[in-house]
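Given next are the chains, with one letter for each unit.
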Amino acid sequence: MSPEAAQPESIRVYLVDDHAMVRSGVRAELGTAVDVVGEADAVGSAVAGILATAPDVVLLDVHMPDGGGRAVLERVRPQLPAVRFLALSVSDAAEDVIGVIRAGARGYVTKTISGPELLDAVRRVADGDAVFSPRLAGFVLDAFTDPAGLPADESDLDRLTAREREVLRLLARGYAYKEIAGRLFISVKTVETHVSSVLRKLQLSSRHELTRWASDRRIV
Amino acid sequence: MSSVPHVREPSAGRLGGFRAQVTDREPLVRRTDQRVIAGVCDGVARHLGVSAFAVRVVFVILAPLGATGVLAYAGLWAFVPAQRPDRPRPRGSWDRARSESVALLVLAVGLMLLLGQLDLIGGNAVIVPFLVAGAGVTLIWRRMDETRRPTGRHGWLQLAAGLALVLGGLALFLLFSGQLAPARQALLSIVVVVVGLGVVSAPWWWRLVVELGAERRERIHTQERAEVAAHLHDSVLQTLALIQRHVDSPREVARLARGQERELRNWLYGRGPDPDRLFAAAIQDTVAEVEDSYAVAVEAVVVGDCPVGAAEAALVRAAREALINAARHAGVEDMSLYAEVEPTAVTVFVRDRGTGFDRAGVPADRQGIRGSIEGRMHRYGGTAAIRSSPGAGTEVELALVREPG
Numbered sequence: 001m002s003p004e005a006a007q008p009e010s011i012r013v014y015l016v017d018d019h020a021m022v023r024s025g026v027r028a029e030l031g032t033a034v035d036v037v038g039e040a041d042a043v044g045s046a047v048a049g050i051l052a053t054a055p056d057v058v059l060l061d062v063h064m065p066d067g068g069g070r071a072v073l074e075r076v077r078p079q080l081p082a083v084r085f086l087a088l089s090v091s092d093a094a095e096d097v098i099g100v101i102r103a104g105a106r107g108y109v110t111k112t113i114s115g116p117e118l119l120d121a122v123r124r125v126a127d128g129d130a131v132f133s134p135r136l137a138g139f140v141l142d143a144f145t146d147p148a149g150l151p152a153d154e155s156d157l158d159r160l161t162a163r164e165r166e167v168l169r170l171l172a173r174g175y176a177y178k179e180i181a182g183r184l185f186i187s188v189k190t191v192e193t194h195v196s197s198v199l200r201k202l203q204l205s206s207r208h209e210l211t212r213w214a215s216d217r218r219i220v
Numbered sequence: 001m002s003s004v005p006h007v008r009e010p011s012a013g014r015l016g017g018f019r020a021q022v023t024d025r026e027p028l029v030r031r032t033d034q035r036v037i038a039g040v041c042d043g044v045a046r047h048l049g050v051s052a053f054a055v056r057v058v059f060v061i062l063a064p065l066g067a068t069g070v071l072a073y074a075g076l077w078a079f080v081p082a083q084r085p086d087r088p089r090p091r092g093s094w095d096r097a098r099s100e101s102v103a104l105l106v107l108a109v110g111l112m113l114l115l116g117q118l119d120l121i122g123g124n125a126v127i128v129p130f131l132v133a134g135a136g137v138t139l140i141w142r143r144m145d146e147t148r149r150p151t152g153r154h155g156w157l158q159l160a161a162g163l164a165l166v167l168g169g170l171a172l173f174l175l176f177s178g179q180l181a182p183a184r185q186a187l188l189s190i191v192v193v194v195v196g197l198g199v200v201s202a203p204w205w206w207r208l209v210v211e212l213g214a215e216r217r218e219r220i221h222t223q224e225r226a227e228v229a230a231h232l233h234d235s236v237l238q239t240l241a242l243i244q245r246h247v248d249s250p251r252e253v254a255r256l257a258r259g260q261e262r263e264l265r266n267w268l269y270g271r272g273p274d275p276d277r278l279f280a281a282a283i284q285d286t287v288a289e290v291e292d293s294y295a296v297a298v299e300a301v302v303v304g305d306c307p308v309g310a311a312e313a314a315l316v317r318a319a320r321e322a323l324i325n326a327a328r329h330a331g332v333e334d335m336s337l338y339a340e341v342e343p344t345a346v347t348v349f350v351r352d353r354g355t356g357f358d359r360a361g362v363p364a365d366r367q368g369i370r371g372s373i374e375g376r377m378h379r380y381g382g383t384a385a386i387r388s389s390p391g392a393g394t395e396v397e398l399a400l401v402r403e404p405g
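Protein chains in written order, with my numbering: chain H, 1 to 220; chain Z, 1 to 405.
Think of the hints as simulated: they come from the structure by calculation, not from any bench.
Being a predicted model, the structure only gives us computed values, none of them experimental.
Heads up, some of the hints might be wrong.
Derived lysine to aspartate or glutamate pairs resembling EDC-like cross-links, with alpha carbons at most 16 Å apart [what the hints assert, rightly or not]: (1) H/111 - H/29; (2) H/189 - H/179; (3) H/189 - H/95; (4) H/111 - Z/334; (5) H/111 - H/18; (6) H/111 - Z/397; (7) H/178 - H/192; (8) H/178 - H/166; (9) H/111 - Z/299.
Some chain Z residues close to chain H (C-beta under 7 Å, calculated; not the full set) [stated by the list, open to error]: (10) 79; (11) 299; (12) 301; (13) 303; (14) 336; (15) 349; (16) 351.
From the three backbone atoms N, C-alpha and C, an ideal C-beta is built for every residue, glycine too.
Please construct the entire structure, taking both the sequences and the accompanying hints into account.
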């Protein structure tokens with residue numbers, strides 16, 4: 001994949017959103033800090049463009065005609081597993097969000113995110129870390145909340161460790177990774193490890209509550 | 001039936017209501033939930049303001065007289081509109097009036113058979129097939145009263161039974177009149193012609209069915225569109241107009257846009273009243289109120305939910321106070337709220353990255369923190385912790401112990 005992440009300015013980003021206004025807005029917010037190598041407004045052209053440019057990070061809209069961001073993920077990932085996806089959405093239905101995460105996106109942020117925060121998220125995803133907005137953190141906490149009688153034989157994938165829960169809580173409270181590290185007396189890298197581990201559980205866990213939760217509740 | 005009308009209570013009098021209701025008559029409709037066969041007698045009785053029983057007796061007497069009653073009944077059935085009940089009649093509500101009516105129906109059939117025996121109107125060779133076919137027609141018509149097309153196995157079974165009865169009645173008639181053999185020839189040619197016509201016109205029929213379906217879909221689509229358009233007009237377009245009028249005031253524009261966004265989300269993703277989401281809903285309402293009043297944006301995340309008792313209500317009010325403090329004093333327009341309901345505790349964090357303050361520098365007479373936040377929480381056995389330092393923002397932590405269960 002990308003030669004070396006020593007120069008974060010060289011991150012190659014591809015934009016996928018069916019609204020031209022959103023694309024130009026994101027372009028303006030990212031500025032010259034990253035290299036926007038292309039953009040697309042539909043699933044088909046996005047798949048072709050991403051395969052042709054092989055970017056580091058794809059900023060992916062969740063809601064689009066013809067299957068949305070999920071369809072792009074499903075068609076690109078088998079061929080270019082190194083490309084990282086960051087879902088960018090107005091945060092609608094939980095089932096859409098959980099859908100793109102489980103299809104392989106490494107993070108989810110809302111379109112109201114500020115420019116510097118978005119840039120930070122892009123860099124983090126390019127480095128292979130996960131990015132959780134406060135809402136996504138709250139959503140994961142809610143979905144993984146254990147009902148009183150939990151069967152003891154559930155696999156590790158189906159439950160969060162106490163530390164992961166703590167990190168998610170701080171994320172949901174609006175703390176940045178650096179602030180979380182300071183509060184918990186751990187390094188930023190360790191925070192990133194916890195969040196990536198939660199992402200892995202979110203993607204691989206088979207617990208049915210996840211699906212049920214997502215379908216009968218929406219992130220607003 | 002030699003009862004004396006004036007001895008009865010007016011309400012129970014079979015003919016007693018006649019004069020009272022004659023001036024403003026009920027519309028002539030057939031109430032399908034009151035029917036024995038089709039609701040004709042009930043409808044006529046209500047329209048004329050007489051008892052249904054009397055009307056039924058008249059129809060029974062008329063029935064055998066050259067089938068006058070039957071034909072009159074069928075005519076009224078066809079022309080009087082059916083009125084479906086608002087809610088379905090409870091099953092098993094077979095009252096006395098209906099039992100009477102069924103008895104009358106049996107009486108009518110018996111009378112007709114008797115008259116047939118006496119050979120007054122064509123004999124039983126006519127009457128019996130007539131009754132059988134009539135029963136079949138009744139079954140089919142009744143079904144059509146309920147739904148425009150047969151639905152479910154029951155519906156199709158009723159239709160098939162009705163059709164079989166009608167055909168059986170016709171066959172009986174032909175059999176009794178000794179015309180069965182010649183009729184077979186005629187029947188064969190009729191069948192051939194009908195099948196031929198059917199095959200020839202099949203594409204046309206098919207297209208008719210397809211077009212009907214398409215038209216129905218289109219109609220539903222149009223209705224939905226109209227509803228969406230109406231909603232957008234009342235909400236989004238109005239807000240956009242307001243925003244254009246307030247272009248000079250960014251805060252006002254942001255406030256309008258946020259309120260509209262929230263409203264639109266609620267409409268799109270249905271956050272209706274839900275008894276299981278009480279605390280979360282109360283928090284969301286409070287956040288919305290503060291966002292509107294102070295033109296700030298609150299990133300609110302709520303995990304879990306519980307019913308709202310006095311303690312939880314106090315917690316919501318304390319959280320509101322914390323939000324308002326942040327909106328007033330922090331000097332930033334963004335803040336976050338995180339609320340979590342656990343089996344044994346409810347916790348709320350309100351955080352801003354604003355100016356922050358030094359607790360020692362706050363005058364003792366300021367009631368905001370001490371009274372509205374700390375005092376309130378303490379009264380319900382909860383705690384309030386405030387972490388703040390100048391320049392680093394403020395976080396208020398409110399915690400409440402819950403009774404387990």
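Violating hint indices (sorted, rising): Hints 3, 6, 10 are the ones this structure does not satisfy, whereas the remaining hints hold.
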